[in-house]
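A.B. asks: Protein chains in written order, with our numbering: chain A, 1 to 525; chain B, 526 to 876.
A portion of the hints provided could be inaccurate.
With a straight-line cut-off of 30 Å between C-alpha atoms, the simulated DSS-like cross-links for lysine-lysine are [stated by the list, open to error]: (1) Lys648/B <-> Lys697/B; (2) Lys222/A <-> Lys828/B; (3) Lys201/A <-> Lys833/B; (4) Lys233/A <-> Lys548/B; (5) Lys351/A <-> Lys218/A; (6) Lys311/A <-> Lys731/B; (7) Lys264/A <-> Lys87/A; (8) Lys648/B <-> Lys311/A; (9) Lys362/A <-> Lys548/B; (10) Lys121/A <-> Lys101/A; (11) Lys332/A <-> Lys812/B; (12) Lys332/A <-> Lys562/B; (13) Lys264/A <-> Lys656/B; (14) Lys233/A <-> Lys201/A.
Honestly, the hints are just simulated from the structure, not real lab data.
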Amino acid sequence: MTNDIAGLDKSDVALIIGSDTSECHPVIAARLKKAAMDGKVKIIVIDPKRIKMADFATIYACQRPGTDVAVLNGMMHLIIKNGWEDKKFIEERTEGYEALKEEVAKFTPEYVEKISGIPAKTLEEIAELFGKAPTAALYYAMGITQHTTGVDNVKSTANLQMLCGNMGKVGGGVNPLRGQSNVQGACDMGGLPNVFPAYQKIGDAAVQEKFEKFWGVKLSDKPGMTMTVAFDKAHAGEMKAFYIMGENPMVSDPDLHHAEESLKRLEFLVVEDIFMTETAQMAHVVLPASSPAEKDGTFSNTERRVQLLFKAVNAPGQAKHDWEIHQMIANKMGLNWNYTKAEEIFDEMRKCTPSYAGLTYKRLGFAGMHWPCPNEEHPGTPVLHIGKFSRGLGLFTAIPFKEPAEMPDKDYPWYFTTGRVLQQYHTGTMSRKTPGLNNLAGPHVMISVEDAEALGISNSGKVKVSTRRGSLITNAFVTKRCPKGTVFMPFHFAEAAANKLTINALDPIAKIPEYKVCACKIEKA
Amino acid sequence: MQITINGKIVEAQAGQTIHRAAKAAGIYIPTLCYHEKVGAAGKCRVCVVEIEGSPALQTACSVEVREGMKIQTRTERVLNSQKLIVDLLLSTGTHDCLACDQNGSCELQDVAYYLGMERGSFKYADVESVKDDSSEFISVERSKCISCGRCVAACNNTVTNRVLDFKYRGHKADIAFDDDKPMGESSCVQCGECAQICPVGALTDKLSKGRARRWDVEKVYSVCPYCGVGCKLELHVDRKTDRIVRVTGAEGAPTNNGMLCVKGRYGYDFVGHPDRLTTPLIKENGKFREASWDEAITLVATKFAEIKQKHGADTIMGLCSAKVTNEENYTFQKLFRTGIGTNNIDHCARL
């Protein structure tokens with residue numbers, strides 16, 4: 001998030017697009033719902049499902065899956081046409097505006113209606129409410145990113161927020177809601193193939209030199225590969241070994257048959273986890289790790305707030321902290337690591353991580369602090385881009401609309417889209433250990449009342465869902481929240497794994513799979 | 526400004542209620558309906574005090590301080606009034622403490638203790654225990670409800686789930702889920718905010734029942750292991766059994782201010798689960814066998830070295846984790862970059 005959670009009731013309008021907030025980020029949803037009920041913030045929801053947040057919205061619009069660029073371009077078209085754009089902000093803080101203006105010119109409400117299914121009049125109402133708002137925030141989640149046009153979608157959200165001058169101010173911002181406890185931190189720490197900690201670029205001569213000096217070894221200056229690409233290469237026999245820590249790609253990856261085959265072809269697979277996951281079962285070596293309740297350390301949340309965790313209970317048996325395991329391997333490889341506690345690692349990390357440099361365990365205290373925090377006198381940064389973007393001027397990008405990789409057709413006439421439900425988490429490794437959560441949410445497919453009636457499917461009745469990748473049978477959840485022609489399936493459940501059906505089509509830049517759109521067929525089973 | 530409480534001069538700030546000023550000065554004024562998060566309701570009347578110059582008793586939770594105010598919290602008149610209220614509450618509910626999960630953090634118990642009362646003295650109707658155990662995670666014991674309204678306010682105004690409300694009037698007044706459904710059949714999402722804010726044993730966490738006495742647990746701060754909001758948790762640990770017996774949201778935390786969702790509050794069984802991995806495992810002939818750390822680590826380091834030598838470091842891929850700490854992601858990528866010599870590191874940020 002460019003902005004902080006505390007500031008979310010300081011907006012006049014909040015646009016939620018591609019985020020089922022009350023299911024996936026319930027506590028942020030609670031704050032947004034309260035802000036709406038108190039009359040502080042008007043909410044606009046654009047989502048293929050009529051999500052619960054729509055009940056609190058001033059305007060709700062249902063777009064066809066995979067048409068976000070058209071919708072956002074359409075909003076910008078109307079905002080420019082009516083003169084609601086922030087001319088001063090565009091003039092002083094951005095570049096590339098003319099190209100954007102030219103691109104969105106053709107996205108008339110009628111054209112957008114044809115693509116997205118959102119009535120022209122509704123789009124006009126949305127553009128007016130959003131465009132005229134003194135301060136508007138934008139919230140998104142995987143509904144924006146998990147597309148072959150994920151990068152385009154994200155850039156479009158940034159275009160809209162710059163156009164309206166909503167960047168760098170309290171109550172505004174582009175606010176991706178991150179889905180995992182420390183997914184922000186894993187990225188911040190350089191858990192990505194193209195960057196060192198704090199997004200310092202691999203291959204940049206000064207950065208390479210800095211880290212070689214800091215760690216005292218020669219480093220590769222060749223960017224690595226993303227996980228999705230590595231799986232393809234493993235499938236092709238080009239990868240030899242994977243070391244997987246606390247991840248379960250055998251449930252979370254697209255096209256699971258492909259993922260399974262890829263892992264089988266490896267010469268050596270190490271899995272470090274707290275449970276014998278579907279992925280761990282395929283490993284040659286399994287290393288027992290400790291859970292978050294068993295360790296000291298820090299997580300960085302969706303608003304970039306770094307917070308402390310303290311050890312509450314002991315890890316079972318011989319299970320060790322992940323960092324202890326890494327240290328044992330490092331030392332076996334001849335590196336001389338001597339960490340005795342998490343804080344020492346944090347203190348080393350912040351020396352090479354400029355955005356964390358000013359953070360100490362002592363300063364983090366009860367409330368935690370927002371990065372960037374460049375020095376120990378700095379109070380942290382709840383709102384990014386005030387006065388200036390990190391690259392200087394904000395760059396508008398003209399984004400043409402592209403259709404998803406696989407569209408419904410004669411053989412597979414429904415849209416298939418996936419996501420989470422409130423009561424479960426990711427691949428279920430943690431949440432499914434609580435029987436009560438399983439009683440509340442098991443495998444299912446959400447289907448519209450119209451489609452269910454047409455196919456003679458009753459609530460909780462068995463449905464066969466098929467795509468070009470495979471098929472499975474699960475329970476129907478017939479609901480008015482699902483639009484006709486679209487089915488939704490949560491991906492938490494290995495026994496009815498939505499990702500056996502999803503398509504392994506990637507965004508060309510981010511390499512994120514298109515979990516939110518593919519074509520499927522449904523039948524009464 | 527300065528005010529006087531029980532003859533003692535106390536510093537107070539304009540806009541502060543008497544209750545808050547007293548609390549800041551370490552003076553206990555009992556409250557049942559008032560909670561910092563949902564504000565003053567002025568319903569229970571148990572916080573009454575005497576103010577010099579004011580003929581009637583005043584509620585400390587709602588009356589703001591004035592310069593020079595003289596307040597008495599323990600006069601006979603105040604205590605008698607409080608005793609009558611608590612007597613009525615004790616007489617109209619099944620306020621049995623022995624096996625109550627709230628025992629030790631019950632605010633009605635605290636007031637009774639403060640006033641020196643064991644049980645109610647009125648006898649005007651038989652009171653039977655009325656339980657609703659239909660919800661997965663929250664027990665409702667209506668006969669312990671004191672109609673303070675905190676849960677109703679929290680459900681509607683804090684977590685904005687709009688499930689709880691009051692039904693009926695007078696002696697029959699009670700909380701209701703939706704249009705008076707059993708809790709488990711209502712639209713409740715079981716975030717547990719009501720159980721966290723309930724002053725008595727009317728709404729309690731089912732999973733914690735009988736697992737540890739309140740005074741036997743130690744609270745440890747952590748961060749929720751689920752989504753990316755980063756709700757601050759208090760893990761209640763029983764040191765004797767080395768187990769988490771309850772999870773609550775940290776009040777005042779900037780991320781969640783005490784709020785949690787059903788997973789964060791009740792999805793902690795995985796921590797001490799019998800299926801946890803407890804020893805390194807090595808696969809031989811398609812089956813896992815237990816191994817020592819030394820054996821497992823040696824095998825991992827040797828295999829990586831071999832593969833690196835034979836096929837190059839870039840044929841090795843590391844997946845770090847969005848579920849482990851910053852420190853551990855740092856050591857993981859450092860191990861890959863400095864030890865193995867590749868930048869093939871990624872995690873499931875995209876998935």
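A.B. asks: So, against the hints stated earlier in the document, which numbers end up violated here?
C.D. replies: Hints 4, 7, 8, 12, 13 contradicted; others consistent.
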